[in-house]
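Engineer: In case you want the letters, here they are:
There are 2 protein chains.
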Amino acid sequence: MPRDTSEQPTVAQTGEFGLIRALTEGRAQPPFTLLGPGDDAALVAAPDGRVVASTDVLVEGVHFRLDWSTPEQVGRKAVAVNLADIAAMGALPSSVLVGFACPGETPAAVLTGLADGMWAEAERAGIGVVGGDVVRSDNLVVSITALGDLNGLPPVTRAGARPGDVVAVCGRLGWAASGLVVLGRGFRSPVGVVNAHRYPEPPYAAGPAAASAGATAMIDVSDGLLADLGHIAKASEVGIDVRTEALQPDQRLQEVAAALGADAQHWVLTGGEDHALVATFPPHVDLPSGWRRIGSVTMPESGVTVDGRPYVTEETGWEHWKTS
Amino acid sequence: MPRDTSEQPTVAQTGEFGLIRALTEGRAQPPFTLLGPGDDAALVAAPDGRVVASTDVLVEGVHFRLDWSTPEQVGRKAVAVNLADIAAMGALPSSVLVGFACPGETPAAVLTGLADGMWAEAERAGIGVVGGDVVRSDNLVVSITALGDLNGLPPVTRAGARPGDVVAVCGRLGWAASGLVVLGRGFRSPVGVVNAHRYPEPPYAAGPAAASAGATAMIDVSDGLLADLGHIAKASEVGIDVRTEALQPDQRLQEVAAALGADAQHWVLTGGEDHALVATFPPHVDLPSGWRRIGSVTMPESGVTVDGRPYVTEETGWEHWKTS
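Here the protein sequences come in this chain order: A and B. Numbered according to UniProt numbering, the first sequence spans residues 1 to 324. Numbered according to UniProt numbering, the second sequence spans residues 1 to 324.
These are computed hints drawn from the structure, not numbers from a lab. Treat the hints with care, since some could be wrong.
Copies of the same chain look alike in the list, so a pair counts if it works inside one copy or between any two.
[As the list claims (entries may be wrong)] Keeping only pairs whose Cα atoms sit at most 25 Å apart, straight-line, the calculated SDA-like set for lysine to any residue is:
| id | residue 1 | residue 2 |
| --- | --- | --- |
| 1 | 234 | 303 |
| 2 | 234 | 292 |
| 3 | 234 | 29 |
| 4 | 234 | 38 |
| 5 | 234 | 153 |
| 6 | 234 | 69 |
| 7 | 234 | 213 |
| 8 | 234 | 298 |
| 9 | 234 | 47 |
| 10 | 234 | 254 |
| 11 | 234 | 285 |
| 12 | 234 | 255 |
| 13 | 234 | 34 |
| 14 | 234 | 15 |
| 15 | 234 | 28 |
| 16 | 234 | 25 |
| 17 | 234 | 26 |
All chains, please: the whole structure from these sequences, using the hints.
Structural biologist: Printed below as a string of C-alpha cells:
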C-alpha cells in the first residue's frame with residue numbers, strides 16, 4: 001500500500017462513523033434498494049420470492065496489490081467478481097453489501113477510493129451498495145456479498161449439462177492472465193490487458209439471457225476455462241470437449257505473448273479472473289446475443305478435453321493456498 | 001491463536017476445496033435453503049418478496065481472541081451478532097453466508113471449529129449456512145452476511161420512535177461487559193458472565209414479535225444500551241429517558257462487580273455485545289412476552305437521559321478504531 005500519504009487523514013483519524021458517512025452519503029440507490037445503509041440491516045426487493053446470494057473475500061497481497069491497481073480498480077473488481085457469480089446462476093444482480101477490515105493508519109482515501117470503485121461497478125450493473133461494515137485489522141481485507149433475482153426462472157447450476165449439449169462462452173478469456181504476466185514482468189502496458197487484470201468486465205446480462213434460452217449449466221470463469229469446465233463436468237457427471245479453432249486468442253493477446261515469450265492459447269484455456277460466463281445449452285438452441293460456441297458436452301469417461309485430447313500442463317487451475 | 005498444534009493438518013495442507021467440503025458436507029439445511037453451498041451462489045427463500053440483509057466483519061485480536069474463546073464460541077458469536085441485526089429490523093433470520101480469511105499455517109481444526117459454532121448458532125435460529133469463501137490472509141478475519149424475511153410487515157428502523165412511546169428491552173444487559181472485565185483480569189470464571197462475553201444469545205424471536213406488536217423503532221444492543229438508544233434518538237429526532245429502577249443489575253453481576261471493584265449499573269447502561277433488543281412501542285401497548293419496560297421516549301432536546309439526567313462518564317459507547 002502506498003505510504004507516501006502521511007499528510008492525508010487516516011482511517012483512524014476519520015473514525016468508523018465518519019467513514020461510513022463518506023462511503024454511503026450522496027450515493028444514488030436504484031429501485032431494488034428499499035432501505036439502504038444506516039440502520040441495523042438493509043432491505044432489498046426480491047420480487048421472485050427467492051434470493052440468490054454469494055460471498056467473496058479479497059485480501060491485499062493475495063487477491064490484489066495497491067501498487068498494481070488503484071483503490072478504485074480494486075473496488076470495481078471486488079464487486080465484479082461477486083456479481084459474476086450471481087449472473088452465473090442466471091440471475092439479475094440486485095445489491096451488494098461490503099465489509100472493510102484495514103489498519104487504522106490506512107489513508108481514508110484508500111477506503112473512499114475502494115468505495116468509489118464499488119459504486120462505479122454497482123452502477124454499471126444497475127444495483128446499489130446497500131450495507132457494510134468497517135473494522136480495524138492488521139491487513140486490508142474486503143468482503144463482498146452479492147444478491148440477485150431469478151425473475152421466475154430456475155437457477156442454472158453446474159449440474160445440468162447433458163451429453164450432446166453445446167458449450168458456449170460470453171466474455172473475454174485470457175486477458176486477465178496476460179495482464180498479470182505483464183505486471184509481473186514490471187511493465188504497465190499494453191493498458192488493455194493490464195486493465196483486464198485490474199478489473200474484469202463480466203457480461204452480467206448474459207447470465208439471465210442464457211437462463212431464458214434454456215442453459216442447462218453455467219459457471220463464471222474465475223479459475224480458468226478448463227478448470228471451471230471441470231467443475232461443470234464433475235457436477236453434471238459428463239465430459240466436455242472444447243475446440244481451439246473456436247478459442248483463437250485475440251490478436252492483441254498474441255502480440256503480448258510473442259513479446260513475452262508466452263503462449264496466448266494457454267492463457268485462453270487456463271487464465272482465470274476474466275469472469276466470462278461459460279454455459280451449456282441444449283443442441284440446436286439459438287444462442288443468445290454475445291454467446292459463441294466453443295465445444296460440446298461428451299460422455300463422462302472422456303473428462304475435459306481440448307480438440308479431443310487431455311490438456312496436460314503443470315496447472316490447469318489453482319487453489320488459493322496451494323499456489324499463491 | 002494456539003500454536004501447539006503443529007502435528008494437526010493446517011489449512012494450507014487441507015486446501016481450499018477440502019476445507020469447503022469439511023465446512024459444508026453433512027450439514028442439514030432448513031426449508032429456507034433452496035440451494036446450499038457448492039455452486040456459484042446459493043438460493044434462499046424470500047417469501048415476503050423482500051429480503052433483509054446485513055454484514056459484519058470480525059478480526060482476531062480486535063473482536064475475538066482464540067486464547068479467551070474456543071473457535072466454536074467465536075463461530076457462534078460471529079453468527080449471533082449478525083442475526084441480531086436481522087431480528088432488530090423485525091425480521092426472521094433466513095440464512096447466513098460466511099467468509100474466512102486466515103494464514104495457511106492455521107490449524108484446519110480452527111476453521112472446522114469456527115464452522116461448527118456457526119452451524120450451532122444457525123441451527124438455534126432455524127437457518128442454514130448457505131455459502132461462503134475461504135482465502136489466505138496474514139491474520140484471521142471472519143465475515144458474515146445474514147439474510148431475513150419480514151413476513152409482510154414493514155421493517156422496524158431506528159427512525160420511528162415518537163415522544164410518549166414506551167422503551168422496552170428483551171435480553172440481557174451488561175453480562176458480556178462483565179465477562180470481558182473478568183477475562184481481562186486473567187480469570188476464567190464465573191462461567192456465566194465469561195460465556196456471555198464469549199457468545200451472546202440474542203432473543204431472535206423477540207424481533208418479529210416486537211414488529212407484530214407495532215414496535216415503532218428497534219436496535220440491537222451492540223455498542224451499549226445508552227449508545228444504541230442514542231442511535232434511535234438521533235434517527236427518530238426524539239429524546240429517551242431510562243429508569244435505573246427498571247435496570248437493576250442481576251445479582252450475579254453485582255457479585256462480580258463487588259469482587260472486581262467495578263460498577264454493575266455501569267455495565268448494564270453501557271456494556272455492549274450482549275445483543276439484547278431494545279425497542280420503542282406506542283403507549284399502552286401490551287408488550288410481547290419477554291419484553292420489559294425500561295423507560296420512555298421524550299422530547300428531542302432532552303437527549304438520552306438516565307432518571308431524567310445526562311449520564312456522564314468517559315465513554316458511553318465506542319467506535320472500532322477510536323477506542324480499541
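Engineer: Now tell me if each hint is right for this structure.
Structural biologist: Now for the hints, and whether the structure bears them out:
| no. | hint | verdict |
| --- | --- | --- |
| 1 | 234 x 303 | within (9 Å within a copy, 61 Å between copies) |
| 2 | 234 x 292 | within (23 Å within a copy, 55 Å between copies) |
| 3 | 234 x 29 | between (40 Å within a copy, 23 Å between copies) |
| 4 | 234 x 38 | between (43 Å within a copy, 12 Å between copies) |
| 5 | 234 x 153 | within (24 Å within a copy, 43 Å between copies) |
| 6 | 234 x 69 | neither (35 Å within a copy, 39 Å between copies) |
| 7 | 234 x 213 | within (23 Å within a copy, 50 Å between copies) |
| 8 | 234 x 298 | within (12 Å within a copy, 63 Å between copies) |
| 9 | 234 x 47 | neither (32 Å within a copy, 32 Å between copies) |
| 10 | 234 x 254 | neither (31 Å within a copy, 60 Å between copies) |
| 11 | 234 x 285 | within (23 Å within a copy, 58 Å between copies) |
| 12 | 234 x 255 | neither (35 Å within a copy, 60 Å between copies) |
| 13 | 234 x 34 | between (39 Å within a copy, 21 Å between copies) |
| 14 | 234 x 15 | between (48 Å within a copy, 18 Å between copies) |
| 15 | 234 x 28 | between (42 Å within a copy, 23 Å between copies) |
| 16 | 234 x 25 | between (45 Å within a copy, 17 Å between copies) |
| 17 | 234 x 26 | between (46 Å within a copy, 19 Å between copies) |
Violated hints, listed in ascending order, are 6, 9, 10 and 12; each of the other numbered hints is respected by the structure.
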